[in-house]
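We have chain A; now place chain B with the ligand onto it with these hints.
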Amino acid sequence: METPEQIRDRLLARFPGAEITVVTNPGTAAQHSLLLGAAHAAAIAQFLRDDATLKLDQCSNVTGIDWPEKEIIESTKTTVPDPAGGAPKVVETKTKRLQPGYLEVVYHLYSIALRHGPVILRLRTGNRTDQVTVPSLTPVWRACEFQEREAYDLYGIKFEGHPDLRRILMWDEFKDYPMRKDYVEPDDYEWEPTPHGAVLAKAKTHYPSPAAQPPDEPSVASAKEGAKP
Amino acid sequence: MSDAARPVPAEQATPASPTPIQGVVITDRERDELRRQGILLTSLQELYTWGCSNSVWPLNFGLACCAIEMIAASMAKFDIARFGSEVFRPSPRQADLLIVSGTVTKKMAPQVIRLWNQMPEPKYCIAMGACAISGGPFKQGYNVLKGIDRFIPVDVYIPGCPPRPEALLHGLLEIQKKIKGFKISGPDAPRHLREDINCHCPVPEFGEHDLEPPTNPEFWQAPTIVRKE
Ligand code: SF4
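Heads up: the protein sequence lines correspond to chains A and B, in order.
Take 27 as the starting number for the first sequence in the numbering used here and just add one per residue.
Take 210 as the starting number for the second sequence in the numbering used here and just add one per residue.
Quick caveat, the hints were computed from the structure, so don't treat them as lab data.
Be a bit skeptical, because a hint or two may be false.
30 Å max Cα-Cα, derived DSS-like pairs, lysine-lysine [claimed, not checked]:
1. A/K201 / B/K348
2. A/K230 / B/K316
3. A/K207 / A/K120
4. A/K103 / A/K120
5. A/K207 / B/K348
6. A/K230 / B/K348
7. A/K207 / A/K81
8. B/K348 / B/K316
9. A/K96 / A/K228
10. A/K96 / A/K207
11. A/K228 / B/K316
12. A/K230 / A/K207
13. A/K228 / B/K348
14. A/K115 / A/K103
15. A/K184 / B/K386
16. A/K96 / A/K120
17. B/K316 / A/K207
18. A/K228 / A/K201
19. A/K201 / B/K316
20. B/K286 / B/K392
21. A/K115 / A/K81
22. A/K201 / A/K184
23. A/K122 / A/K96
24. A/K207 / A/K122
Excised from the complex, chain B in its bound form:
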């Protein structure tokens, strides 16, 4: 239920004294009852987030073994279409969701970030699997990025090597939950509805020994850790 349709929380509202000029205060139950009778009371915000959250189109893009699970999630047995995400778009211009499914090598990282920049807002990112989260089994190697969140903002992390398709569906549901919580105006609005946030992620250059810079300090800082003896 959105706040625009319900200016005062139903529990706190005093049902005895709603002022008719300010608007009608009704409870969620009354609204559901009206819906059942064929009367839809809604707000623009509710309609907007409802629409957005049920048509999250992923980018048709896989990087390694985790991509196989992503493909499985889109096929008949797991059927991601139940949640409105069956339309895997081959172009970033038409996609809403970047599922980073697999190992991001340092050579591939600038391309992944470029794809992210090419996607129009609103857009979401899922880091699927140990590799996309932290480098996974290749973490101590020289050519694997230790987490895609060093360069682009990640909404949902799905651990596993690889995560099961059910886990990906759970991740998608978490994204939907997040979208449903959006406010469409004000300081709590998501980044794409605000003027003051620059959504562009800088693309690192290929350096002589490593990517330049190796991380984007805006998104990622090394954690504070004290070693146990």
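If we strip away everything but chain A, and leave its shape as in the complex, we get:
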């Protein structure tokens, strides 16, 4: 099978002006992927499916990813010549940069006819709040339908051109996107025999230690807990 770079070059020849970037995977799996711009994504997908040498006729998996805003600290070293004529000094300046967050969809494509794959496509949204639309690939691969609905349900990625974009796992009235990093789950904590980590932190807010409990009023916290709706 062609490498992602070869596929990119062929695509660029076929779709001049399309945004296609190869995203390399530095890990041992070395599964590099193609990041597509929204404008040409659907046409490129159609081409990948019908092209005689690729024939990517199966979309096996659609994954959603949430990339929250990240603070990146960059340090730059500059050499300042000493005005007194001594050796030049190296000054390190640190700049903070806020990398905006975005949502991402990853498609794993295989060819059953030619028995090769995967070719990995990525689509990114503009941000995590109001520009969350990417083109749907369901018209190209029917198998994407439920998986794109799942990505919509759990991450809030809107797929333009999807034939039936509704929630699939959560109920229709649900307002949150539970797989996003900043999701706050309903506070229905209940006693856990061996709490640790995040659960221990929750446990501490919900039932007190004997030291914090006045000896003659043993159910202060439980009254609060019982009053919880």
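Leaving out everything else, chain B with the ligand in the frame of chain A:
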């Protein structure tokens, strides 16, 4: 042995002075002896509970992995038919026993409660497995109900992940024991024989973040717990 057939406990009755007008007082042994001779002395209550307890028909309904064990219990090797419960009814209108066998997601919970409401009295509920009892391995998640007893009254809890079919049979025997202890009149009668108890369980609505309400306070209150240091 029912109390109606034996107005005075046999041990306390003075066998020398039974008044023939009030009725015959006989011991359990004498009754068994009569049975062996083909004479059946019984009461309506005994007949009623005997009939009820040996024809507990479960609802044909499974939710997750625990349902596989429930199915195994109904097949030849474990043979739930030995206890009169082989008739799994596909309609709640014909069922006596709701075996909540598996994970109850919040999306599924209103349907489970609706099924329970559709079953005619007398009806019984078994919470089978860690999930149905407390949410089990998914307890700290956002979309699993932390125990079906937050919404419907549970008669028997069967712990395990999953419980073995023998455990389910044991649970069924416990239900039978409970039915055999029923009084058919008076203040100790079960809820379906009394006018003053409303057997309807309110069905929660799908809210924007959680079920509304998240528990039914009539059935479930958060326990009083003090954390160990
Ligand atoms: S208790 Fe265990 S076996 Fe039963 S439904 Fe839950 S996870 Fe599955």
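Please list, smallest to largest, the hint numbers that this structure does not respect.
Violated hints: 7, 15, 20 and 21; rest satisfied.
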